[in-house]
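**Q** Read off the chains here:
Number of protein chains: 2
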Amino acid sequence: MIKPWPAIRSAVVGEYRVFQVRQDTKLSPRTGTPHDFFVIESVNWVNVIAVTRDERLIMVEQFRHGSGTTELEVPGGMIDHEDDTPLAAGARELREETGYEGDTPLVLGQVYPNPAIMSNTCFTVLVRNCEQKHGTAFDHTEDLTTRLVPIGEIQDLVASGRIRHSMMIVALYLFELWRKRVSGS
Amino acid sequence: MIKPWPAIRSAVVGEYRVFQVRQDTKLSPRTGTPHDFFVIESVNWVNVIAVTRDERLIMVEQFRHGSGTTELEVPGGMIDHEDDTPLAAGARELREETGYEGDTPLVLGQVYPNPAIMSNTCFTVLVRNCEQKHGTAFDHTEDLTTRLVPIGEIQDLVASGRIRHSMMIVALYLFELWRKRVSGS
Chain S
-3 MIKPWPAIRS AVVGEYRVFQ VRQDTKLSPR TGTPHDFFVI ESVNWVNVIA VTRDERLIMV
57 EQFRHGSGTT ELEVPGGMID HEDDTPLAAG ARELREETGY EGDTPLVLGQ VYPNPAIMSN
117 TCFTVLVRNC EQKHGTAFDH TEDLTTRLVP IGEIQDLVAS GRIRHSMMIV ALYLFELWRK
177 RVSGS
Chain L
-3 MIKPWPAIRS AVVGEYRVFQ VRQDTKLSPR TGTPHDFFVI ESVNWVNVIA VTRDERLIMV
57 EQFRHGSGTT ELEVPGGMID HEDDTPLAAG ARELREETGY EGDTPLVLGQ VYPNPAIMSN
117 TCFTVLVRNC EQKHGTAFDH TEDLTTRLVP IGEIQDLVAS GRIRHSMMIV ALYLFELWRK
177 RVSGS
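Protein sequence lines, in the order shown, are assigned to chains S and L. FYI, the numbering used here numbers position 30 of the first sequence as 26, with every residue one higher than the one before it. FYI, the numbering used here numbers position 149 of the second sequence as 145, with every residue one higher than the one before it.
FYI, nobody ran anything at the bench for these hints, they're computed from the structure. Heads up, some of the hints might be wrong.
One copy or two, it doesn't matter: identical chains are merged, so the pair holds either way.
Unchecked claim - Heads up, simulated DMTMM-like pairs for lysine to aspartate or glutamate below, C-alpha to C-alpha not over 20 Å straight-line:
1) Lys129 <-> Asp32
2) Lys129 <-> Glu37
3) Lys(-1) <-> Glu138
4) Lys(-1) <-> Asp79
5) Lys(-1) <-> Asp139
6) Lys176 <-> Asp139
7) Lys176 <-> Asp152
8) Lys129 <-> Glu92
9) Lys(-1) <-> Asp135
10) Lys176 <-> Asp20
Model the full structure from these sequences, guided by the hints.
**A** Spelled out as structure tokens, the structure:
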């Protein structure tokens, strides 16, 4: 049985706009000795599997400032305080980043982006029967290009390393498992 | 065409043992105005798909200090400076965390854990024909339990949310895609 570690002290030690760093001092349940752990705190995130009537996935390409590379991704972003739910946030991000709208969203899953050093979670939501209804509404630092990708090509894009943002790969796998359940195969 | 953002200033603004935070000031290629971005820097990581001769996956359960929860994962960790390669690091993490050893490792893929705010990459390596050869050698803060999971159960564990560490889900999907390629189906 894995035991939790009781915390004896906790404080924010760094503020970086989209995340902050917290320092926790905790006691080992095995030895009783204190250890410090640094935890990155952020709001929760949502990624959107958005599919058109003709079974194409709505993807976006954008420059990413952590890696310094352009990545092929699904739409998504932070769940703002104004968003009531991950579903509302997903529909908003899809609309802002691509101009598409579709059916009422459905949650496909919730994961920890990195439970070793981050406290937040990331939702994957599905929006079907999407159609382009509006222009895009980028944030100041966003500059995205929309790509429509046939669903049948997703596995090759992941296996070949063309899609390499881990949270997007998680979203695509959850979508694949959902499709398998729904089709009963 | 998505354009990169030229950096005009870059400095480390926080040191947190297993990661540090860097502040980059960059110019928008669209507007020319400067924006600040915070980037989490870390060594690269490796996760290990380790399989026994009877097709069971070697997994570990451990308490995670970011989420404050116990997670079911595959073995893995940081690629230390002493490790020559991701393959050597993977074999070492597998040995230290579970006592298992197997065939020469194989790289299944390389992804960005979070290219929006992190600069590092994460490798997935495969080790086949694993057998328990040693006891375990935990770090001071590690306390792991080994679990052997039949490969056929992986999809249900992901779909049900029993496995919810995103990097592990990526490793399992890359393994599934590799098996599909190898079997030719």
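**Q** Quick check: which numbered hints come out false for this structure?
**A** 1, 2, 4, 6 and 10
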